[in-house]
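**Student:** Each chain is listed here by its residues.
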Amino acid sequence: MNIHEYQAKDIFRRHGIPVPPGEVASTPEEAEQIASQYGGTVVVKAQVHAGGRGKAGGVKLAKTPAEAKTLASQILGMRIKDLPVQRVLVTPAADIATEAYVGIVVDRASKRAVFMVSPAGGIDIEEVAAKTPDKIMRLAVDPAFGLLPFEAMQLGFFLYDDVKKVRAAARIMEQLYEAFVEVGASLAEINPLVTTPAGDVLALDAKIVIDDNELARRPDLSALRDESAEAPSEVAARRAGLTFVKLDGNVGCVVNGAGLAMATMDLVKYYGGEPANFLDIGGSSNPEKVVNALKIITADPNVKAILFNIFGGITRTDDVANGIVTATKSNPLKVPIIIRLTGTNEEIAVQILEKNGFSAMTDMDTAVQKAVELATGGKAA
Amino acid sequence: MSIFIDNGTKVVVQGITGRDGSFHAKQMLEYGTCVVAGVTPGKGGQRFEERVPIFNTMARAVAESGANTSVIYVPPAFAADAIMEAADAGVALIVCITEGVPVLDMTRVIRYVKEKGARLIGPNCPGLITPGKSKVGIIPGRICTPGPVGVVSRSGTLTYEVVYQLTRAGIGQTTCVGIGGDPINGTNFIDCLAAFEKDPDTKAVAMMGEIGGSDEQDAAAFIKEHMTKPVVGFIAGRTAPPGRRMGHAGAIISGSAGTAAEKIQAFKDAGMGIAERPAEFVELIRERM
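Just so you know, the protein sequences line up as chains A and B, in that order.
Counting in my numbering, the first sequence runs without a single skipped number right up to 381 at its last residue.
Counting in my numbering, the second sequence runs without a single skipped number right up to 1289 at its last residue.
Just so you know, these hints were derived from the structure itself, not from any lab.
Note that beta-carbon positions come from the ideal geometry of N, C-alpha and C, so glycine has one too.
Accuracy of the hints is not assured; some may be wrong.
Stated by the list, open to error - To spell it out: a stretch of chain B is covered by chain A in this simulated footprint if at least three of its residues, at any positions, have a beta carbon under 8 angstroms from a beta carbon of chain A; those stretches are:
| hint | region |
| --- | --- |
| 1 | 1045-1059 |
| 2 | 1145-1158 |
| 3 | 1179-1192 |
| 4 | 1234-1242 |
| 5 | 1245-1252 |
Kindly produce the complete structure, drawing on both the sequences and the hints.
**Tutor:** Structure (structure tokens):
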């Protein structure tokens, strides 16, 4: 789960990381008011779950409160990477001497949290890694011991020569690691970590991605979710306990299991169609889930055909059949439906479906071809 | 022969009285798996299905039943502790079915399990089955049949789909292993491929990967260097958009890394057979045996 910069900065502050002051505004008037409260030049920053905010024009300097108001009204109307900007962070402009990068990610290969730091800060770290890998220091943290003080100092010395700054940076590394573990993050980033002409070290920006699996046991973190930044269909799906990703095609897919769901989307494409979504109804076969899945998929006006692909292992195919019957009785379908199911209680499922005017297929390829044909209104490729 | 589990596998079920644990413990017993004990704290002394003794702790369960394998069906918040308890109790193989284990929990678990010398499969996996001998986990027994093909996959139902098609085509399996869909897991493709390479009864391997990470690319490099047996691969997620988690926690393209295209290219470079569709496994495997 992504959280906004201002939320990540609150977490940083809680762990003692030096962060410039700042307040969030959702109207230009609020931005003006915050700017006049700070006096002097402020930065108005779009709060949106997208990288490259600066390049997109979502981060601007304002010399006066009036200018802050004007800029905020521009930024608040923007879409960055197709996401609407609904809030801006207003923060006093800092004097910057140097910019560095500090990040922690969960590294799949080493199976540990790994620090990545670079004196080349303020820019895209993937680009630095590709072009000048010697400008990045990587350090895998042993989860049994956490970040040790000498390791934090090694990271600090990679960024600075002045031992005072090194110690300040090392302290920030330790605090960042504590914050990372405390919120169960999969990524935490300070880009840039700056030094001021006065010699202070502080985190000018903050990014945290929280591991979705952490949320069940952390209601305080779930509360940070900004649902206005997501597609309404995805919010509805999550509330119904479904895993759903909206795509641009016209074949609505309902599948049990993530791997099979991806393989089904791929097969739709293989036969010349375009999937409208990824949807996994999960392992247990609650008819209610099927009802909700159909509701979400039929709400998408692009969908021209619906494809069910169910492999009954733990999932009982008769439960899925009952779900389809219930859902379509209360809410008759306006687009054709193709049902492929095989496995547990297949015979009962087919009986239920046929009694209610549906037909069922057993072969995945045939079913996908048929769905594509119906969605495109012609012959499948 | 087989890999990881066989007739000598003696299973303790952690979370045996829970909804999922009891259902699948019953299925394993019906399949003929040697389930020797169960663990649910507070229910020690009772019996599951009037035959399997239940213990309060893994230490007691293993000491009294002689179990060498554990399978875990506890809720995600308790899964990390359950895995470490199993490793501490001294079982050689731990299979964690639970989905939703926080990834930072897993960084600690991996380190702990390694130190204890146990093998972990999963989490967020369907477990494994050696057809006709033993099943540990949730793979439906009736879709499998004994034979010469090793199967390894990051997925559940996609694996069932392929295994079922192989079985219907008369191609049986030595062992089917689901390694799970999380970004950090105990056993990877290479571990399974190396075991299949050593297993005299395995003549070919079917491997199902998906987007995210570089486990498939590493596996392809291993196949090129170390495998004499033919491997046919499939990658799910060719149509997945970048930056979105596709159901599995590990199925996500980060930046430009972990795409289906780069994995399929790695398979090509390793000279593997590539299934464009799940249904193609049957022909590609048959041709190579």
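**Student:** Can you take a look at whether the region 1045-1059 of chain B is actually covered by chain A? Rule is 3+ residues, C-beta closer than 8 angstroms.
**Tutor:** violated (count 0)
**Student:** Counting residues of the region 1179-1192 of chain B whose CB is closer than 8 angstroms to a CB in chain A, do you get three or more?
**Tutor:** holds (count 3)
**Student:** Taking 8 angstroms as the Cβ threshold, is the statement that the region 1145-1158 of chain B is covered by chain A upheld or broken by the three-residue rule?
**Tutor:** Per the Cβ count (6), the hint holds.
**Student:** Would you check chain A against the region 1245-1252 of chain B, counting CB to CB pairs closer than 8 angstroms, and say if three or more residues qualify?
**Tutor:** With 7 residues close enough to chain A, the hint holds.
**Student:** If you count the residues of the region 1234-1242 of chain B with a beta-carbon closer than 8 angstroms to a beta-carbon of chain A, do you get 3 or more?
**Tutor:** holds (count 7)
The structure is inconsistent with hint 1 alone, although it conforms to all the rest.
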